[in-house]
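Fit chains B and C to the known structure of chain A by using the hints.
Residue numbers (our numbering), protein chains in the order written: chain A, 15 to 339; chain B, -19 to 210; chain C, 995 to 1512.
Where hints are given, some of them may not hold.
Dumping the calculated SDA-like pairs for lysine to any residue here, alpha-carbon to alpha-carbon at most 20 Å [what the hints assert, rightly or not]: (1) A/K68 - C/A1379; (2) A/K162 - C/W1107; (3) A/K68 - C/A1059; (4) B/K89 - B/N79; (5) A/K83 - C/G1032.
Simulated from the structure, these hints should not be mistaken for laboratory data.
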Amino acid sequence: MKYLVIAAGLLSTTAAYADAPELTVYTYDSFVSDWGPGPAVEKAFEEVCGCDLKLVGAGDGAALLARIKLEGERSDADVVLGLDTNLTAAAKATGLFADHSVTADYALPVTWTDATFAPYDWGYFSFVHNADAAAPANFKELAASDKKIVIQDPRSSTPGLGLLMWVKAAYGDEAPAIWADLADNVVTVTKGWSEAYGMFLEGEADMVLSYTTSPAYHLIAEEDSSKAAAVFDEGHYMQVEVAGKLAASDQSELADQFLAFMVSDVFQSIIPTTNWMYPAVTPAEGLPNGFETLVEPGKSLLLTEDEAAAVRDAALDEWLTALSQ
Amino acid sequence: MLRLENCLIENGGFSLRADLEIAPGSRIAVIGPSGAGKSTLIEALAGFRSLSKGAVYWKGKDLSKVAPGKRPIAMLFQDGNLFPHLTVAQNVGLGIHPNLRLDDAQQAKVKAALARVGLDGMGDRKPASLSGGQQSRVALARVLVQGRDLLLLDEPFAALGPALKAEMLDLVAELLAESGATLLMVSHDPSDARRIADQVVLVADGQAHPSMETAVLLDNPPPALKAYLG
Amino acid sequence: MADCAQPIGARTGIGAALVVAALIFGTLAAVVLRAEPGRGLGSADWAALRFTLIQACLSAGLSVALAVPVARALARRRFAGRRLLIALLGAPFILPVIVAILGLLQVFGRAGWISDGLALFGLEPVQIYGLHGVVLAHVFFNLPLATRLILQGWQEIPAERFRLAAQLGADARATRNLLEYPMLRRVVPGALAVIFAICLSSFAVALTLGGGPRATTIELAIYQAFRFDFDLGRAAMLSGLQLVLTGAAALVAVKVAVGEGFGTGLDRPLQRWDGNSTTSRVFDGFWILLAAAFLLLPLAAIALSGVPGLVGLKASVWTAALNSIMVATLSTALMLILALPMATAVALGRGTMIEVAGILGLAASPLVIGTGLFIVIYPIANPFALALPVTALVNAVMALPFALRILVPRAKSVVGRYGRLSMSLDMRGLPFVRRVLLPRMRAQIGFSAGLAAALSMGDLGVVALFADPEFATLPLQVYRLMGAYRMEAAAGAALLLLALSMSAFWILDRGGRWHAEA
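Just chain A, same shape as in the assembly:
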């Protein structure tokens, strides 16, 4: 009898678990990793939603979009989290996304009006260097110096594409000349951010393309203040990371609830020290200690999604031409 009761209890808990609606969120791989925001976000959301949140990692932002395109309307995903403004135009063009209903008091340097995608964090691209070395003040100074940099390939990496947009946004038609001058500073181009950052830490280059928030990791997690981000006076290109709801979702309300949760204090407090980016909405307790030491660019650059989509291919050709010499 006793066993029957236990068995019944077990059955009912699994049943309860099985009955709970499941919300599937596709995101990039580093979000779901043990060291990313994923585990904390999952726990926090499941406490309030009465649902089972399933975070699925699929490569990086671009791979995420490619996957959604492959799966089309039959996708299991209810929410896609981790696209940026370089990808949103293409994402919208698929017609797979529905408008969101999120409102928040964003702490972004730009006004956010996108009806389909809501931002959850952002950062500035920047060259990270050793704090004890002097840094150039802009791209022209960098090109004129003998500083060596490692950058990522825009064809395979999100920061790589960000740098392409940065130079384009700052210099427009002058971009090819900037790249030509930078060519002898580029030690090499890597497939992804990890390779480049690893090479920089091993001393292969003086600077690496990363984010202004990168030194925060070293400072907060490793108590190491030896890394700094250079401020360029042309301004810094921004990366705004966003999420959107899929029109074909069978958990539409839950998806809305998740997007609202995404800009809430709980979620936003998790972001800074797990994703090492600025939260889209400043948490009530403010930014974690250490973030106040980060450099603030004087000027924010961001191409609109349509501009980004329009200049992308031409900018890539310019980059390829300049660096292939």
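For chains B and C alone, coordinates are given in the frame of chain A:
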């Protein structure tokens, strides 16, 4: 009766015809010039070469389409008659059951065969640790347990010294006398033929000739054989 | 004697080859069918093709050219640590790319050990980035493989032949002409083709060491077509191009690699009588030291940076290690199920197309296979549920070319040597496989299984599209750690991965040789 009926064996540009009969229990030496096709004939009998024409019958049964291992034939090759990774007993046991699942009676048969060829107690050794003569004895022990009607020898003892070779041939003769099997043996050496064979098949000029009495043939060789014997 | 009866059929092998071909071409077709009209191949793609071919030819040529003296030195010298060195030779080959790149740069980079050494003398740092850097990295990866393949060729010359050569008074040069050159003629073309195919699909190594977009390979163009342009048609076209090139290389290799084997001896322990002169001792010593230094220094760098991170590795890293072991076990089993019948069929003379099918696994872009499988599987099953089998299968197919290079020569000699004897004993089919083929091929099966297990352990494979969130493999965790700035922990996990791969390789390779002489 082993009957080769209008056989044509082709191998590249080379061809060999055979149309002959061999009585059960005979001991035949196959002799002839080098390259005349002695081994080819034996290989065709064993099923390693297909016939372009004709058929081979044993006791009235057509063997032409029978797989080599299913023919009533045991065969020893010039070399490589033993598997180096298997023990002596296992090498012999293969003659009873190719997947070596042997019951006690069969094990005993293997043991007896080894004893019969003078290798008592050597069943657990590996071939590499045996002398050349001992290796030949293992192969003969296997022939013994195979118990086939026909034994084909493609000069398996060619590498042994004259005395050892004579010893092996005598052992073969004894085993044949016990089993009543029919022997076909390729040989270069007329003295081998005299030693063991009562009949000789001469292979020359693209033809395997019907068998003749050993002494008659060797004492009055036809021109083709004469040239070979010198 | 192709028309002759054989102790075993080729049907299973042909079936296995068809499975492989279906996987490779089926996934390619799936991608093509799903593609919308995109732009065709442009001048940038042809430039990528040219660079890919140049670096692949140079890398394959140099790897094999260097491997010949190294393998010979290892074949005829006996010294303490020889076995360990041979086992360690497998290591570069099985490292995750990102780990290997960082290890190489710690030695050869601008801030590497060699540059540091040069700086002591006031010299400029090494200029590693460029075509020569790409080739250097590829030689680092593939020299060990080439060495192992050629060393195996040496080991397959039976002791009896060396004895005969010694008896004939053959000196080192005569031994070369009698035994070694004919062996090299059989072994080298296959080794060249395999390494050419590996280098053909190189991407991250070529880009990073190549110093920028000059070093764009076809695989990078595929990657770009897929994720930057989402132009599946172009991705498929480029992948097809890669397949054609590899297929052609394989075909040439199969046709060129002629020559009879040396037959089999009676498993006598190998003893060499040649090469005892001082010159050849010095020569061999030089090559062994050079190869050891070239290969072991970067490994030492990886180990050194990994040790601090080993302590305090999180549980999830250990779980990932278990997952990796599972994937490796499964894919090794799958590889053997495919490779053994294929090798046997090749040995039976049903060769060319099977060998070509076998080598295509290397040329197929993992991205295209993964995408194709995803397109095929997605409508019928949950891709995450299939993460383990799919990863294992793709890894098995990728390891197949190496396995075949190892298994085919031996299968040929076993079938050639014991086929007729076995048939005359009516030992056909399963008994032949169990009693003759497998025991005679034990060492080769162990070696190929070890290689497959190690490769599968280190490979990221197609995980991206099939990545079950709950089922991360160790290489994926290494990437995740790096992506989360945990470079030290990542280095520790990479060292763990290296140790696991090496152990898998060591255990299986040794297992194959255990009592092999008995």
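Structure-based check of each hint:
no. : hint             : verdict
1   : A/K68 - C/A1379  : holds, 14 Å
2   : A/K162 - C/W1107 : holds, 18 Å
3   : A/K68 - C/A1059  : violated, 52 Å
4   : B/K89 - B/N79    : holds, 16 Å
5   : A/K83 - C/G1032  : holds, 15 Å
The structure is inconsistent with hint 3 alone, although it conforms to all the rest.
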